[in-house]
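So the chains spell out like this:
There are 2 protein chains.
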Amino acid sequence: MDITTTAEKIRAGERRALARAITLVESTRESDRALAAELLGAVGTDRQALRIGLSGTPGVGKSTFIESFGKMLTGQGLRVAVLAVDPSSTRSGGSILGDKTRMDLLSRDPNAFIRPSPSQSQLGGVARRTREAIALCEAADFDVVLIETVGVGQSETAVAEMSDLFLLLLAPAGGDELQGVKRGIMETCDIILVNKADGDLKAQATRTCADYAGALRLMRKRPQDPDDFPKAVAVSALQEDGITAAWDEMKALVDWRKEHGVWDARRTDQARFWFQEEVRAGLLARLTSDDAVKTQLAALEQDVASGKLRAAQAAEDLISQLFPATR
Amino acid sequence: MDITTTAEKIRAGERRALARAITLVESTRESDRALAAELLGAVGTDRQALRIGLSGTPGVGKSTFIESFGKMLTGQGLRVAVLAVDPSSTRSGGSILGDKTRMDLLSRDPNAFIRPSPSQSQLGGVARRTREAIALCEAADFDVVLIETVGVGQSETAVAEMSDLFLLLLAPAGGDELQGVKRGIMETCDIILVNKADGDLKAQATRTCADYAGALRLMRKRPQDPDDFPKAVAVSALQEDGITAAWDEMKALVDWRKEHGVWDARRTDQARFWFQEEVRAGLLARLTSDDAVKTQLAALEQDVASGKLRAAQAAEDLISQLFPATR
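Protein sequence lines, in the order shown, are assigned to chains A and B.
Numbering-wise, UniProt numbering puts 261 at position 261 of the first sequence, and it's gapless, one number per residue.
Numbering-wise, UniProt numbering puts 125 at position 125 of the second sequence, and it's gapless, one number per residue.
Since the hints were made in silico from the structure, they are not lab data.
One thing to keep in mind: the hints can contain errors.
Pairs involving identical chains hold if they fit within one copy or between any two copies, as the list cannot separate such chains.
[What the hints assert, rightly or not] Computed list of lysine-lysine pairs in DSS-like fashion (alpha-carbon distance at most 27 Å, straight line):
1) 231 / 251
2) 9 / 308
3) 258 / 308
4) 202 / 231
Produce the entire structure from the sequences given, and follow the hints as far as they go.
Here you go:
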């Protein structure tokens, strides 16, 4: 792969180049990792998309919502990329976006780009690959990058930490079920979308929406946001009802944050967060990748196993050797 | 504190010296940590107790069981130490063993030593402190060290990783509730004790015991253990019924493991495991404790925040500087 040419093609919006580049950043081969780093450097960071995180459990209508929301956006002349973060896809038996037919119209839209979640994935690796895929989509001049996740484990937190806006898609529910939504996620999300506000469920969706609005009001206000956020909005992805209104809410929040410097501050905080995560992960990785460290580790482990050294003492010895300059 | 004198007192079984030493290993002050390391070196590792991990949710009768089990052991002339691991104690409002009156008889027994869980604890620190407290109790020549935990988060796994035997105390339950026991814990435990096999619940406890025995049979056999382990046993802590039989099962498993080299192998594996944990924790701790690293980290973080460097690139740069010899 010629890096300069590929970078140019990505910046010109060539979808095939983008798809190949995302495959490259998803690779765990060391030579591919080096190429990926080069490519990410070459595509630049001068373009920004609106990064929208979307979480919702299976069955809540995420695919239908993305189809409906995406079509509305492309209908307004915007270019939309959809990425999936699903660390559990290996367990649930396949990518949640593997079946593109569930987003039939959007997947055939020239202004939309849908990327299924890679299988066999660990959260740590997924988070980095997804952030790199976002960077590539931004370089390809997409206006909106939608990052989809099922509400499993820490994937929601990871997606929230790489999004400008975080949406939670929920189904109409009774009052008791309201408590099933994890408080941490309620506190993280900017807008709760209560889906299926149509047909027999419409009244219940409206009530659920009011319930969530009430719950959100009880939570700590965010000083950086307008008073009426986070908020709950009822939508029907199926009937494409309320989708434009929800988008208007998102735009209002984005405009407010951009005006008040909150947008930039959030991106800066997120960059710091991911840097620290990368350092932690990279440091631990060296324990198994650095030959000198591996040798020392094995020798000390032997001393611990044979009872010659206590575990804490051996660990202290090793770390003092790794950081000799200051200790 | 004079280390040599204290070590001698501990080895002579002086309870006050042991209690003070455990307070020392629980301290997070750096000067105390150094003293604790010295003391742990001075007391030696030549004595071994039987380390029994015990997990069970609140209400299952853990305190009553420990009282009953502990009295039975001291009645046989054995010396028993009870330690609690409860990383959630800050949330649940106090140590589970804070109220020693729940083990009234045992706490006044000269051959028993009960140590409540320290409050304000994080799991990482708790695990190390508990392992060090176990080492001190072994130096003080206790025959049995009972490590108690509530089934919260990763504390069960941590306790299992520092125990020779791991027991799960459960209440009589209906068939549906059986599924509520986490599979990982079922796979970790050596003996399931179904408590409250007395009065109205006796029949139900017997049924529950059979249910668990069936579930255990469905799980992967452990090649290192006799065919009939892990097993389920019904006990009544309140009526002190089945306690001696349970102890006989424990002794049978211990004898078998000692004969077949499994006992030593398990301790060696655990030492390796905790060494690796200590290295990982120590490595990450240096990011905030080592001044040179901290300075580099802050500078690179600034470059990431300002967009001059990508997070992954900056992390790679930092780690290459920390491990210059081999990269």
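Checked hints:
For the identical chains of this complex, residue 231 and residue 251 are intra-copy neighbours only, at 13 Å inside a copy versus 60 Å across copies, given an alpha-carbon limit of 27 Å. In the homo-oligomer, the alpha carbons of residue 9 and residue 308 lie at most 27 Å apart only across protomers (23 Å), although the nearest pairing inside one protomer, at 60 Å, exceeds that limit. For the homomeric pair residue 258 and residue 308, the shortest alpha-carbon distance between copies (21 Å) is at most 27 Å, but the shortest distance inside one copy (60 Å) is not. Taking the shortest Cα distances, residue 202 and residue 231 sit within 27 Å of each other inside one copy (18 Å), while across copies they are farther apart (53 Å).
In this structure, every one of the numbered hints holds.
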